[in-house]
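Engineer: Take a look at the letters that make up each chain.
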Amino acid sequence: MSEPVAAPTNSITPPPQTHVRSGSTAPLLPHHPSGDQRFASLDQTLQHYKFEPTALIQVLHAAQHLFGYLAPDVLRYIASAMKLPLAHVYGVTTFYNFFSIVPRGKYQIMVCTGTTCHVRGSATVVERLGQQLGIKHGETTKDGLFSLQTARCIGACALAPAITIGDDVYGKLSPDKIPRFCQKELKKYV
Amino acid sequence: MIAGKEISLTIDGKPCKGALGQTILQVAGDNGIEIPTLCYLKNLSPWGGCRMCIVEVQGSPKVVPACSTPATDGSTVITNSERLQGLRRLTLELLFSERNHFCPICPMNKGDCDLQQQAYGFGIDSIRYPYLYPALLVDVSGKYFGLDHNRCILCTRCVRTCDEIEGVHTLDIGNRGVKNQIVVDLNVMFGASTTCTSCGACVAACPTGALFDKSAAFHGPLSRCQQVRTTCTECPVGCGLVVYTKDNRIVDVFGDAESTVSRGHLCRRGRYETWVEPRPRILRPMVRRDGHLVPTSWGDAVHTVKTLISASNHGQNAMLVSPRVTNETMRTLQKIGLRFDHIGMFVADKESALCTSPEFSTDAMKRLDDADGMILLGAQPSREQGVVAAKIRVAVRKRGVKLVILNSRRSDLDAYADISAPIVTLERKFWNRVGEVLGNVKRPVLIYGAAAMTAVGVTILDRLTKVLTSQCNGGEMLAPIQLPTSTNSLALAAGGVEPVEDISTWLGVQPVNFLYVVASDEPDGGARLLKEPHVRAFLEQIDCVVVQASYESALTDVARVVLPSAIWCEKNGSVTNFEGRALPLRAALAPSGEAREDNIVLETVFA
Ligand code: SF4
Ligand code: SF4
Ligand code: SF4
Ligand code: FES
Ligand code: FES
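Protein sequence lines correspond, in order, to chains A and B. Take the first sequence: its position 45, counting from 1, is numbered 45 in this note's numbering, and each next residue is one higher. Take the second sequence: its position 169, counting from 1, is numbered 169 in this note's numbering, and each next residue is one higher.
Simulated from the structure, these hints should not be mistaken for lab results. Glycine included, each C-beta is placed from N, C-alpha and C at the ideal position. Mixed in with the good hints there might be a few duds.
Claimed, not checked - Facing chain B, according to a computed beta carbon distance under 10 angstroms, are these residues of chain A, among others:
no., residue
1, 80
2, 83
3, 92
4, 171
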């Protein structure tokens, strides 16, 4: 992400609240103007954590689960509700691999680039997988099925180089095995 | 900070004394030992990111950053060894290899860049690593300053300044590892930021050319400019300024770290508006002939004014003064007052009530640091007195201070408040909630401004005082802070100048035939006078209007004679801030064109 994403101009932010947060009473959130019910679920999570700034990561988790990814609009909603600076929320979101600020595919292909896998050629694995899928690292296939990510040590060093697709782990995937692997295995994911 | 137990340590063989809780860097500094730093900045929390300040502590195999390592009693520290120098040099080389530090085309070249200075100090003329040179964004979308990511060394001085001094936290670090980058809000362009106040504090804190003032860039290094320390006259806070000039032009304006009022911080108005915004100056005296204002000499202009005054009937001469004039001008006014039947100053909306019993809030800035509860009533510091707003934000965000706001208009501060409400008659339920919020507050402070001076506002003020006195049991309510809007209005009022709000009534009650307006350097040239109802019609009836002003405006259009006056950076003398401190004004520039300082003009005209 070296190119800043301009804020969408039609973004929806909860209006600044009057008479809120007096310590004992939890803020009453207005309904999200879009009427999107997922925001109501998010409100429940926010209330569950009492809008405590320390619960930001849990709230982001819940939001990503609800929306699939963390769009600027969702981040702005969270920041405003938790009274956190936008830049702080953005910083935390982009620090963790788990969170995505762009739409992701139905299945995450996660290539391990931890030390062991790196030594066994994970960089080439990423490259070959990308070639097969027609996407680059961080991108999503046109059909919205797969996105290609990397992670640090997924705890399967004995199987290096290792990747995960969704919840499945695949090991000993040396770069030259990638084309065949794709032909055989990717069909399973629909 | 309360000084802790005394500790002694040996630094570079020198026995040094310090206090428990101080860092190695602080103790060394207090004892005259300098350690190179880059990400450290006084008054900010230490970050410990750049590793320039590394030192050796006896008994520890690792080197430690002096800026973020507490000094311990009895330890022996070495700040300068071959190993340390080698490591520091390495650190610098890595910084240079990471992004683009091609100095000749950087606005901070030749002495304004800490990174470059450090490199010179280490005699670095080439580096041992390949350059990465990623092509990063140069964001010049902001109005007053730009952010060139290519020059950024990720020291977070800007991030911490924005968070800990201005209190808005517009900036942070986004992404991870080599992709780390300073982000604005949700990674938007600076110009699209919804939180940045354009205070420019981050720019002042940046050690490199990453954040730079647009108007100062490439106008020559600051290190070769003249520096004049003066006072901001944009509002009654009176922050200290350091004005950098070259060839009788302003190159840049920064906050004065020595200022007891502002300790180096400024708001957008003081930092940029006064010199970056284009405002057409009046450079010569002008007299109206055949319906047109024509430039003339001072001698002719003064002569014309004198003739007009003597022609005007006694009892019909009035003078309107801007509240921005200096104390020296006020003294001149007192001297020449007899020549006028009425002298008034045109204050801001509702401000005259504040001026009728002018009260200075001694040490108000300190009280803002001490309070653990704040009630803001009828004042808009984020629009008018930016540095006060910064203090309020920091208090809420960093010290957990409770904030109650009662205002007729919304502002960004509402987002920081526990309660914010309009100034209307409020019900019992509301007061109960105020009581709840301020329940555990021990040192509340009430800050009120001009808009509190309405009938409803005053009842609220009374009620608040009651709530506060009954609430903070065991604590003490700090003396309230009166926050006027106009720069020197309290001092002028105390000096006997009558505050005038309703100009047309004031003019109407006393039939005026000759009106002398001292608009001084009002940013709008005094044109706000004409916005008052009926004033324009009045002025057109008056035989003669003389306007003494710095900037052209609709007001000069109705004048018979126009006299050019000096602006803030051309003035000498003093102004008195809302705390009652007389703060010095020192001219950084010679007056433009034929402009003269207000008191000199008045003395010449009425000599
Ligand atoms: S100008 Fe002020 S508010 Fe804006 S980013 Fe810099 S420090 Fe923060
Ligand atoms: S912009 Fe300047 S102050 Fe901010 S991190 Fe980069 S170099 Fe440091
Ligand atoms: S707070 Fe007032 S005195 Fe300080 S810089 Fe801003 S306008 Fe000037
Ligand atoms: S390094 Fe890849 S699983 Fe550990
Ligand atoms: S100055 Fe200490 S680590 Fe940067």
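Engineer: Each hint should be assessed against the structure and marked as holding or not.
Structural biologist: Each hint tested on the structure:
Interface hint at residue 80(A): satisfied, since its Cβ lies 8 angstroms from the closest Cβ of chain B, which is below the 10 angstroms cut-off. Below 10 angstroms, beta-carbon pairs count as interface contacts, and residue 83(A) has one with chain B at about 7 angstroms; its hint therefore holds. With a least beta-carbon distance of about 9 angstroms to chain B, the hint placing residue 92(A) at the interface is held under the 10 angstroms criterion. Among the interface hints, the one on residue 171(A) is violated; its C-beta lies about 25 angstroms from the nearest C-beta in chain B, farther than the 10 angstroms criterion.
In summary, the one numbered hint that this structure violates is 4.
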